[in-house]
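4 protein chains.
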Amino acid sequence: MATHRFTPTHYHTTIGSHEPVLHIADGDTVITTTVDARGKDATNQVVTPRGNPQTGPFYVEGAEPGDTLALHLDHLAPNRDIGWSGTVIAANVVDPEFVRSLPENELAEWRIDRARNTGTLISPKTSLGELTLPLAPMLGCFGVAPVLGQAINTGTSGEWGGNMDYRGFVSGVTVYFPVAVPGALVHVGDGHAVQGDGEIVGTGIEISFDVQFTVRVIKNKKITWPRGENGEYIFTVGNARPLDQAVQHATTEMLRWLQADYGMDYVAASTLLGQTVEYDLGNIFDPAYTMVCKLPKRVLAGYNKTSSC
Amino acid sequence: MATHRFTPTHYHTTIGSHEPVLHIADGDTVITTTVDARGKDATNQVVTPRGNPQTGPFYVEGAEPGDTLALHLDHLAPNRDIGWSGTVIAANVVDPEFVRSLPENELAEWRIDRARNTGTLISPKTSLGELTLPLAPMLGCFGVAPVLGQAINTGTSGEWGGNMDYRGFVSGVTVYFPVAVPGALVHVGDGHAVQGDGEIVGTGIEISFDVQFTVRVIKNKKITWPRGENGEYIFTVGNARPLDQAVQHATTEMLRWLQADYGMDYVAASTLLGQTVEYDLGNIFDPAYTMVCKLPKRVLAGYNKTSSC
Amino acid sequence: MATHRFTPTHYHTTIGSHEPVLHIADGDTVITTTVDARGKDATNQVVTPRGNPQTGPFYVEGAEPGDTLALHLDHLAPNRDIGWSGTVIAANVVDPEFVRSLPENELAEWRIDRARNTGTLISPKTSLGELTLPLAPMLGCFGVAPVLGQAINTGTSGEWGGNMDYRGFVSGVTVYFPVAVPGALVHVGDGHAVQGDGEIVGTGIEISFDVQFTVRVIKNKKITWPRGENGEYIFTVGNARPLDQAVQHATTEMLRWLQADYGMDYVAASTLLGQTVEYDLGNIFDPAYTMVCKLPKRVLAGYNKTSSC
Amino acid sequence: MATHRFTPTHYHTTIGSHEPVLHIADGDTVITTTVDARGKDATNQVVTPRGNPQTGPFYVEGAEPGDTLALHLDHLAPNRDIGWSGTVIAANVVDPEFVRSLPENELAEWRIDRARNTGTLISPKTSLGELTLPLAPMLGCFGVAPVLGQAINTGTSGEWGGNMDYRGFVSGVTVYFPVAVPGALVHVGDGHAVQGDGEIVGTGIEISFDVQFTVRVIKNKKITWPRGENGEYIFTVGNARPLDQAVQHATTEMLRWLQADYGMDYVAASTLLGQTVEYDLGNIFDPAYTMVCKLPKRVLAGYNKTSSC
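Chains as they are written, first to last, in the numbering used here: chain Y, 1 to 309; chain V, 1 to 309; chain L, 1 to 309; chain Z, 1 to 309.
I should point out that these hints are in silico values taken from the structure, not numbers from a laboratory.
Since this is a predicted model, take the numbers as computed values, not measurements.
Accuracy of the hints is not assured; some may be wrong.
Claimed, not checked - Here are the simulated distance ranges between beta carbons:
(1) Z:Pro-124 to L:Ala-260: 17 to 25 Å
(2) V:Glu-130 to Y:Gly-231: 20 to 28 Å
(3) Z:Ala-77 to L:Thr-43: 53 to 61 Å
(4) Z:Pro-134 to L:Ala-260: 27 to 35 Å
Note that CB positions come from ideal geometry on N, CA and C, so glycine has one too.
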């Protein structure tokens with residue numbers, strides 16, 4: 001249960017079977033940093049090429065294919081005072097003919113007040129004035145190495161996680177990934193100080209982060225898609241296009257979870273989900289879109305949980 | 001500002017330019033009833049063929065094409081003690097290969113306790129036991145007559161509303177529809193005592209309803225897709241397949257709204273939406289799926305609202 | 001087996017249970033005309049509002065729900081010397097960001113030489129010069145009244161046919177529709193002198209037509225989606241969005257056909273289709289897209305055909 | 001312009017920046033072999049793990065990012081006498097509810113008669129009897145290394161090519177790929193003796209191949225998606241889900257091609273494509289679907305071709 005402080009010296013714009021930067025044990029905690037989506041660090045200097053550069057990978061001892069890696073997001077926080085965002089809704093999020101009406105995208109700047117926990121719009125000058133929003137720091141892109149020795153760009157996502165850009169990935173959440181390679185190979189990056197559903201301007205408020213996470217290996221536990229939980233919900237994540245397919249992946253994974261760990265057959269699971277399920281739109285911008293299938297823990301109270309995820 | 005009590009004697013399974021059952025004035029209130037999706041009334045007797053039968057249409061004096069009709073849902077409540085739902089997740093909501101694993105759908109019965117405001121699962125017998133959920137009554141299918149004299153089945157939805165199956169259409173919400181024919185021709189039906197996001201078992205807890213609504217005509221106000229508001233949000237509704245297109249419709253409509261009524265250009269509107277928008281999944285079961293684009297009223301405080309919707 | 005010459009005096013921009021203009025018998029032939037998509041007739045005068053106006057409906061005696069209507073397209077031919085088309089690819093057919101690069105659409109004019117069977121581009125002036133193409137006249141929008149007394153706009157399509165904009169609907173083809181109302185109620189309109197796959201500029205070369213067709217009622221034959229055949233292929237038609245769903249409809253209908261009329265179980269039908277099926281893209285412009293699933297008659301030679309469609 | 005005979009000793013189930021097996025020059029020809037999708041060679045022995053194993057990669061001297069690689073498929077031919085295919089239409093290709101009706105997939109065997117150029121169904125026994133089809137050998141999965149040092153599994157496809165499963169990739173075709181890494185790194189595999197459109201049973205008639213191809217480097221020619229040509233057509237390839245997006249990629253690439261190499265502005269290109277374009281469905285089975293946008297060379301006769309692809 002050691003705590004490792006790790007200062008990155010290089011980054012990856014693919015998630016894959018790269019040389020580990022650190023070996024850690026089951027139960028260990030890592031305290032590190034991430035650069036922003038364009039490769040800028042806590043001093044706002046470009047230190048690596050853009051494209052959601054990842055810190056890591058971290059090799060988790062004992063994690064093998066067929067296991068599940070639990071990644072607890074202990075602490076996520078911006079570590080500088082300036083963030084940036086897109087200013088025009090992405091072309092794929094509006095009616096095709098309406099694209100002609102959209103202006104060109106430029107970057108907005110936000111002043112991040114870490115003491116007050118707010119972000120304030122500095123530029124461009126619009127009728128919004130100095131719009132101020134509460135911070136809700138989240139990780140946009142993170143995950144484990146995919147199967148087959150693949151190395152996949154950090155613009156997209158899949159069973160391994162990746163660029164899911166889901167604003168539910170905040171401090172306090174546990175995320176479960178299917179382990180595909182020995183050591184799992186944890187990658188983290190792409191912090192957002194704030195983000196709406198869907199990441200519809202193509203960005204959150206992008207910023208460098210302090211990140212602390214803790215890993216746990218769940219042996220001989222096979223899952224297909226990322227899962228997670230917070231105080232109120234268990235949830236599953238589907239990454240695909242169109243959104244319909246992302247919903248299919250997430251919902252199927254939830255049915256498997258309820259069957260395997262809560263002893264529900266598909267009639268019970270369907271009847272429960274039908275009247276209580278909630279869905280979040282993670283992102284509708286990246287090559288793979290993300291939908292999250294959520295079940296409130298309150299409706300699960302009393303059902304026998306037979307397994308750890 | 002009259003209040004009309006209307007007892008239906010027939011129902012429609014299309015939304016269209018049918019003979020009005022009642023003429024009402026701008027500002028009037030209607031108190032009526034709806035049968036459930038299979039045509040059963042408050043006594044649980046089949047009184048009309050199945051398929052989301054609609055009460056109405058109600059002709060609103062003064063409503064003309066080019067206007068908007070505001071429909072305030074004053075009161076929605078089940079008016080009997082038994083509801084029913086599907087028990088198997090719809091085939092289109094899971095991974096295609098997984099469909100082979102699903103059992104056949106049968107109907108579940110729920111006992112509705114109107115005093116305690118709960119629904120309790122009676123059958124089938126599952127590991128859920130007598131699952132009890134709080135009621136959250138909503139209208140599944142309602143709207144106004146579509147353009148061109150069309151009559152469109154109550155299984156689907158479009159610009160005119162229809163079978164949106166969005167669990168946000170509860171008492172206290174105002175829904176705005178584009179008026180396409182003189183009198184608007186309001187139809188209401190398909191009450192659900194409870195429903196999860198997406199209506200993924202193909203039903204909510206289906207039941208007959210007492211319905212009270214109040215209409216208001218907003219002259220010379222053109223909208224394209226349904227809009228709405230409640231205490232916390234303004235929202236827009238897109239109905240289409242795939243979900244991606246429903247998102248496009250809803251988001252485009254929200255941009256138009258922010259421009260026309262809040263004086264925001266597309267940079268301001270995009271910058272605001274990008275970091276604060278929320279989406280709800282209305283339904284992912286019907287021929288047209290429904291996505292809802294929501295903006296919290298708190299982030300709009302201080303912006304000049306120049307128009308009524 | 002009468003032949004009726006019918007001169008239309010009004011048109012419909014919905015396909016539905018409208019008052020029939022003529023009652024015809026099983027086996028009868030109709031010779032009539034259609035206006036172009038903008039309501040212009042053989043003299044190039046606007047005679048009715050735009051939107052694929054339909055000639056008809058024609059009531060076929062003896063056709064009842066549960067039957068199939070065979071509509072043989074005996075003869076389709078432009079009946080004037082000028083046609084028009086769109087000049088810019090529809091926004092939904094290119095990458096969303098690329099829409100910004102597209103010019104505004106204007107109408108092109110084509111001179112139709114009926115003697116030489118060619119269309120020649122007259123305007124606008126482009127590097128194409130006087131591009132000349134062979135005519136391949138087809139019907140863009142036609143079908144029978146849909147179920148439930150619906151009246152559905154002629155911009156879209158479904159099980160009833162409608163605006164399929166498939167360039168395979170040429171003279172000599174037989175199209176099969178599911179009969180949904182007594183008399184079937186045949187509508188015809190929207191002739192194209194030429195069209196590429198997909199109708200990707202939103203039009204073919206639009207023009208008024210002489211149309212001759214012959215009907216046949218196949219009693220107690222239920223089909224779900226339109227089917228057809230020509231000298232080389234049997235085919236099925238799926239209308240939906242996205243294209244994936246149109247493929248699903250068409251392919252499922254073909255499996256049903258091979259099972260019911262060629263005595264193939266799903267293993268035989270799949271094994272055959274897997275290595276010999278062809279698909280055409282009907283349209284990717286209208287609200288419902290169209291995909292056509294085709295099986296060459298040569299690979300069916302020798303299999304017992306047990307029924308007429 | 002050397003000819004290299006290369007016998008593979010290992011294979012890859014990702015397409016990526018792997019160690020080259022051979023360096024070849026611009027203009028060179030390679031004669032080699034590929035194993036079938038399950039890793040079986042010309043003797044029908046498993047020699048490598050399944051999953052469209054690739055022969056290569058071949059490093060093409062002089063190919064640099066920003067160039068285009070022209071890959072001419074000189075000769076593709078099965079090199080053994082037995083092939084196999086799926087026997088049940090893939091679940092994603094039929095209506096979701098219809099999946100319940102499908103039997104389980106098993107493998108069919110086909111006897112390949114290379115002298116007569118036919119494939120004959122041997123098992124299972126169905127009403128098809130000994131169905132015999134003419135061979136039409138094509139490459140299912142091939143391409144060049146993708147950008148960013150990615151290694152991507154051979155089940156899917158993208159800008160780099162990959163598992164496009166398009167039955168148009170036959171002997172005599174030239175395919176153009178965007179070069180993303182030095183040497184391009186050509187991979188070839190997954191031969192099909194026969195395949196219908198869409199690869200709807202998840203396979204063609206899968207078999208090991210003799211493959212001969214010739215490479216040419218087109219310097220400083222940037223393309224985005226694969227392109228190709230045969231005697232009758234130029235074509236572009238889009239790989240994505242849903243099919244709609246594959247059409248968007250392919251059509252956008254065709255517009256760029258007509259503009260850059262045929263001097264057509266978007267009005268000219270659109271007007272021409274609108275009335276003459278054809279689309280093929282490559283595959284609707286793999287994670288990324290494939291649509292091909294084709295323009296007949298006959299309609300391009302007379303337009304100035306200013307560049308080589």
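These are the hints, each one checked on the structure:
no.	hint	result
1	Z:Pro-124 to L:Ala-260: 17 to 25 Å	holds, 21 Å
2	V:Glu-130 to Y:Gly-231: 20 to 28 Å	holds, 26 Å
3	Z:Ala-77 to L:Thr-43: 53 to 61 Å	holds, 60 Å
4	Z:Pro-134 to L:Ala-260: 27 to 35 Å	holds, 28 Å
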